[in-house]
Amino acid sequence: GNSVTQMEGPVTLSEEAFLTINCTYTATGYPSLFWYVQYPGEGLQLLLKATKADDKGSNKGFEATYRKETTSFHLEKGSVQVSDSAVYFCALMAGGFKTIFGAGTRLFVKA
Amino acid sequence: DTAVSQTPKYLVTQMGNDKSIKCEQNLGHDTMYWYKQDSKKFLKIMFSYNNKELIINETVPNRFSPKSPDKAHLNLHINSLELGDSAVYFCASSRNRDEQYFGPGTRLTVT
Numbered sequence: 001g002n003s004v005t006q007m008e009g010p011v012t013l014s015e016e017a018f019l020t021i022n023c024t025y026t027a028t029g030y031p032s033l034f035w036y037v038q039y040p041g042e043g044l045q046l047l048l049k050a051t052k053a054d055d056k057g058s059n060k061g062f063e064a065t066y067r068k069e070t071t072s073f074h075l076e077k078g079s080v081q082v083s084d085s086a087v088y089f090c091a092l093m094a095g096g097f098k099t100i101f102g103a104g105t106r107l108f109v110k111a
Numbered sequence: 001d002t003a004v005s006q007t008p009k010y011l012v013t014q015m016g017n018d019k020s021i022k023c024e025q026n027l028g029h030d031t032m033y034w035y036k037q038d039s040k041k042f043l044k045i046m047f048s049y050n051n052k053e054l055i056i057n058e059t060v061p062n063r064f065s066p067k068s069p070d071k072a073h074l075n076l077h078i079n080s081l082e083l084g085d086s087a088v089y090f091c092a093s094s095r096n097r098d099e100q101y102f103g104p105g106t107r108l109t110v111t
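The listed protein sequences derive, respectively, from chains A and B.
Number 99 in the numbering used here belongs to position 99 of the first sequence; there are no gaps in the numbering.
Number 23 in the numbering used here belongs to position 23 of the second sequence; there are no gaps in the numbering.
One or more hints might be untrue.
With a cut-off of at most 27 Å between alpha-carbon atoms, the simulated DSSO-like pairs for lysine-lysine come out as follows [claimed, not checked]:
1. A:49 / B:40
2. B:19 / B:36
3. A:60 / A:49
4. B:19 / A:110
5. A:49 / B:71
6. A:52 / B:44
7. A:110 / A:77
8. A:77 / B:71
9. B:40 / B:52
10. A:60 / B:41
11. B:9 / B:44
12. B:67 / B:44
13. B:41 / A:98
14. A:110 / A:60
15. B:19 / B:41
16. A:110 / B:41
17. B:19 / A:49
18. A:49 / B:41
19. A:98 / B:71
20. B:67 / B:22
21. A:98 / B:36
22. B:71 / B:40
23. A:68 / B:44
24. B:67 / A:49
25. B:36 / B:71
In silico contact screen, one side only, chain B against chain A (beta carbon under 8 Å); selected entries [unchecked claim]:
26. 42
27. 43
28. 46
29. 50
30. 51
31. 60
32. 64
33. 90
34. 100
35. 104
36. 105
Derived DEER-like restraints, expressed as beta-carbon distance ranges [what the hints assert, rightly or not]:
37. B:20 / A:3: 53 to 63 Å
38. B:15 / A:53: 44 to 54 Å
39. B:10 / A:108: 19 to 29 Å
40. A:13 / B:10: 45 to 55 Å
Keep in mind that the hints were calculated from the coordinates and are not lab data.
No experiment lies behind these values; they were computed from the predicted model shown.
Backbone N, C-alpha and C fix where the C-beta goes; we use that ideal spot for every residue, glycine too.
Chain B extracted, bound-state conformation (with noise of 0.2 Å):
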């Protein structure tokens, strides 16, 4: 059984479109996580919720959007994409502070 799973494994897509990735952890975590990796492997925490409640909310373009609608679910939204929106996005779960779990990862490409 897969602890943190990610969907889509892969998005590619255009200039100006929305889209979402979704993700889900069957761990039993109070807390989730959205990060952004750039090519040299560089790792930024976008947002944290734990119980549902947003906690972490870093210096991030507000097209995106976070959503968790129960704590084992914590989805990703962006609008209007950009060409420098492409990266790999993790998500990753805790049981609140302590070690994080990562799902797979989602690669962005943006055209």
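Next comes chain A alone, as it looks inside the complex (with noise of 0.2 Å):
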């Protein structure tokens, strides 16, 4: 079956370092791929996606490539904020309405 599986938490980083959330993904066919940001007491919001192989989805700074070949749509930002700390979730969606969410990672980022 469809599958997602990401970094564990927590990553820990000071302002201004570099960001990578790794995420993985297993399905049947051409999914699109999600990362969705959640913030301390808030739903989950959409970061960026991407609908097709080699498709790069961007967002504040927040980037992601879909690679087919190695079935993943790791998570990059350049210089983190203390803004940024939140929960992640990369998440797939492969026909239907149902969307496969990975576990979340959390990022706290220091000053």
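With the hints in hand, could you dock these two chains into one complex?
Below is the structure:
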């Protein structure tokens, strides 16, 4: 079946450090891939998405590239801020209406 | 204007009681969802409706019953509440098979 695996957290970084959160997936067909972010006390919100191989999604300085050959969609940001502290979820949608979410990775950014 | 709203935001109740959570979206979306998020932030799909028709019904105790009176509303009724039902419940909506918009969540505490 379809699944998403993302790196376990928490990830703790200093401000202005480089961020990578790994995400790999298993899916039949050609899924759409998403990163969602959940700030403390809030619901999830879409951060970026990619709908086909080699697409790059980007938003707020975050980027992720849909790599079909490695079935990956790693999230990166060149310089994190304290305000980026949140839980990040990798997700896929492969036909149907069901979105499969990863377990979430908590990010702490220290000033 | 809030896109996806839920009421109440907090719900504290005793075991054995029956309670409802309401969700409304003003985005004109066709599909709505209920998720349960546990204390480790793991997100589990419970139900989904598309144009008022139930399309996802995961392995959830039958004490949980969704109701969609129209495309803009999806309510969740829970009978005979148990301690294990304590969690944050999120409503979400989407335009067919696209990214989801989440509500702010309802934190349910069963004592």
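Q: Taking the numbered hints from earlier one at a time, note which ones the structure violates and give those numbers from smallest to largest.
A: Hints 4, 8, 9, 17, 22, 24, 28, 30, 31, 32, 37, 40 are the ones this structure does not satisfy, whereas the remaining hints hold.
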